[in-house]
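Participant: The primary structure of each chain is shown beneath.
2 protein chains.
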Amino acid sequence: MNKRELAKRVAEKCGQSQVVSTLVINTFISCILESLEAGEKITIQDFGTLSVKQQKKRERFNLATNKVETYLPYDYIKFTASKSVKIKQKEKSVKKE
Amino acid sequence: MNKRELAKRVAEKCGQSQVVSTLVINTFISCILESLEAGEKITIQDFGTLSVKQQKKRERFNLATNKVETYLPYDYIKFTASKSVKIKQKEKSVKKE
Numbered sequence: 237m238n239k240r241e242l243a244k245r246v247a248e249k250c251g252q253s254q255v256v257s258t259l260v261i262n263t264f265i266s267c268i269l270e271s272l273e274a275g276e277k278i279t280i281q282d283f284g285t286l287s288v289k290q291q292k293k294r295e296r297f298n299l300a301t302n303k304v305e306t307y308l309p310y311d312y313i314k315f316t317a318s319k320s321v322k323i324k325q326k327e328k329s330v331k332k333e
Numbered sequence: 237m238n239k240r241e242l243a244k245r246v247a248e249k250c251g252q253s254q255v256v257s258t259l260v261i262n263t264f265i266s267c268i269l270e271s272l273e274a275g276e277k278i279t280i281q282d283f284g285t286l287s288v289k290q291q292k293k294r295e296r297f298n299l300a301t302n303k304v305e306t307y308l309p310y311d312y313i314k315f316t317a318s319k320s321v322k323i324k325q326k327e328k329s330v331k332k333e
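In order, the protein sequence lines correspond to chains A and B. Just so we're aligned, residue 237 is where the first sequence starts under the numbering used here, counting upward by one. Just so we're aligned, residue 237 is where the second sequence starts under the numbering used here, counting upward by one.
The hints are simulated quantities; they were obtained by calculation from the structure and are not laboratory data. One thing to keep in mind: the hints can contain errors.
As the list makes no split between identical chains, a pair holds if one copy fits it or if it spans any two.
[As the list claims (entries may be wrong)] Below are the DSSO-like pairs computed for lysine-lysine, each with C-alpha atoms no more than 30 angstroms apart in a straight line: (1) 289 / 322; (2) 322 / 293; (3) 244 / 277; (4) 289 / 249; (5) 289 / 244; (6) 249 / 322; (7) 303 / 319; (8) 293 / 314; (9) 319 / 239.
Okay, chain A solo, but in the shape it has when bound (with noise of 0.2 angstroms):
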């Protein structure tokens, strides 16, 4: 499911139209980045919790090469849900007790 469909699907949901369900979700998502890029953790209550973390610089030796590579440090989004939500794939995982 793409952004266009989440939002149509919004729209109809909360009797919004998709011009207004569109356009606030676009600016939740601007605002998202825009706080994560000040260096803020975001909480979304019953979903999950958005934050930036650093991957230090690392060396690894290179077997193909034998060469040690050095890579750079980089940030990444972490997002880790909250423990309220139980997603239980329906179709894949069949827990056995």
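With chain A held as given, fit chain B onto it using these hints.
Facilitator: Okay, now just chain B, sitting in the frame of chain A:
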């Protein structure tokens, strides 16, 4: 930043009432969770992809108890940021070229 503050900022930014922005955001999140439960992958352009992955059953030797412990499989939500999302944390990482 939490969901209420986000909804307030979104309302200000896109000229909607806080009631409408909160309603659309809550519906957006519940639609995402519903789709994930249905096993769908959510791709939000210029933000990222949310999908459900399964951590397989694992066995670990516990040094403290000297016993092999079994970890049941569980589902978790994986978030992968889009390539176009370049998060540059302002104060933390100073990139030395």
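Participant: All hints are to be evaluated individually against the structure, with a verdict given for each.
Facilitator: We went through each hint and held it up to the structure:
1. 289 / 322: both (24 angstroms within a copy, 13 angstroms between copies)
2. 322 / 293: Answer is between: at 18 angstroms across copies they meet the 30 angstroms cutoff, but 35 angstroms inside does not.
3. 244 / 277: both (28 angstroms within a copy, 17 angstroms between copies)
4. 289 / 249: between (35 angstroms within a copy, 27 angstroms between copies)
5. 289 / 244: between (33 angstroms within a copy, 26 angstroms between copies)
6. 249 / 322: within (22 angstroms within a copy, 32 angstroms between copies)
7. 303 / 319: Only across copies: residue 303 and residue 319 sit 28 angstroms apart there, 43 angstroms inside one copy, limit 30 angstroms.
8. 293 / 314: Both. Shortest intra-copy (18 angstroms) and inter-copy (24 angstroms) distances satisfy the 30 angstroms Cα cut-off.
9. 319 / 239: both (25 angstroms within a copy, 16 angstroms between copies)
Every hint from the earlier list agrees with this structure, and none is contradicted.
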